[in-house]
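**Student:** Chains as they are written, first to last, in my numbering: chain B, 1 to 159; chain W, 1 to 159.
Treat each hint with caution, since some may be false.
The list treats identical chains as interchangeable, and a pair is accepted whether it falls inside one copy or across any two copies.
What the hints assert, rightly or not - No farther apart than 20 Å at their CA atoms in a straight line, the calculated lysine to any residue pairs in the SDA-like style are these:
#1 Lys-140 / Ile-72
#2 Lys-36 / Ile-2
#3 Lys-140 / Asp-48
#4 Lys-15 / Glu-114
Note that these hints are calculated values from the structure, not bench results.
2 protein chains.
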Amino acid sequence: MIEVVMLLQSCYLFKGLSEQQLRCTSEISKEMQIKKGQWLFHEGKPADQIFCLKQGAVELITEIDDGFELPIKILRSKGSCFGIASLVAPYLYSLSARCAEDGSVLAIKQADLERLISQDHEMGCILMSNMSRDLLERLKEARQELKIHFKTLFKFART
Amino acid sequence: MIEVVMLLQSCYLFKGLSEQQLRCTSEISKEMQIKKGQWLFHEGKPADQIFCLKQGAVELITEIDDGFELPIKILRSKGSCFGIASLVAPYLYSLSARCAEDGSVLAIKQADLERLISQDHEMGCILMSNMSRDLLERLKEARQELKIHFKTLFKFART
């Protein structure tokens, strides 16, 4: 239990929660072994669980129409969190997640976390605020990449 | 006052707030006239206000290194909200906003809204949750654009 609380504490999503709030979250967390090549979820499918990496590595991927995969990120750090689309309407995963190295994750059911949030609005406010921060950061990264692509296109167009 | 409440109600950020919560928000909102060409804020600068469009049009822009502007969005709908980076650490605007047509906006100081949120965690939870939904949507749009650019690059590379 203490180990789970410490793992949750190292995850950006749960930063700022009290010990009591972390304990409640640990009670709804379930450890799961993952195997290399195993899909944890698929883009566009109903998002009903959020994950926190304990060991191993997980790739986040989006698919380009013709079946070509565009890698978005590879998570290796303990406490990395993924599947947060399960906390945001319309509750559909926005990326696919595949295990890149054997390991383990904590899985938290969206319904269980929503129940905690509805009972403790302060906790909800902290989680949602942490999530907004992360999403804004990722949006800035995506825009930065877009800028690089624009520049590359200009170069191609000029030559 | 009722007019301001109705305008706030039409903004995605304030969706789901109670009448009382909307009234409190209207009390910290200030109407401001805007003139075509006027900058409301600049990318990378401290974000201390959030805006809600009442009339006119506002462009959201990012700058590519060499001074070339990349337009991100043009807001024309009453109730469109912008400057939400003022509610997310590190509190720096992630885009620039320039008035594209004369009109008016509601301006809400970040410090005033933060005070309301700290007194009413339920309200905070609703605002942050609405913001996360919007940010995730925008992130998906940015990724979609990235996919299109990748495809264009492939085409260039093949020819």
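**Student:** Does each hint hold? Answer for all of them.
**Tutor:** Here is what the structure says about each hint:
In the homo-oligomer, the alpha carbons of Lys-140 and Ile-72 lie at most 20 Å apart both inside one protomer (14 Å) and across protomers (12 Å), since each shortest distance falls under that limit. Taking the closest pair of Cα atoms, Lys-36 and Ile-2 never come within 20 Å of each other, the shortest separation being 27 Å inside a single copy and 58 Å across copies. Taking CA atoms no more than 20 Å apart as the test, Lys-140 paired with Asp-48 passes between copies only; the shortest distance there is 19 Å, against 26 Å inside one copy. With identical chains, the CA atoms of Lys-15 and Glu-114 are at most 20 Å apart both within one copy (17 Å) and between copies (18 Å).
Consistency note: the structure conflicts with earlier hint 2 alone.
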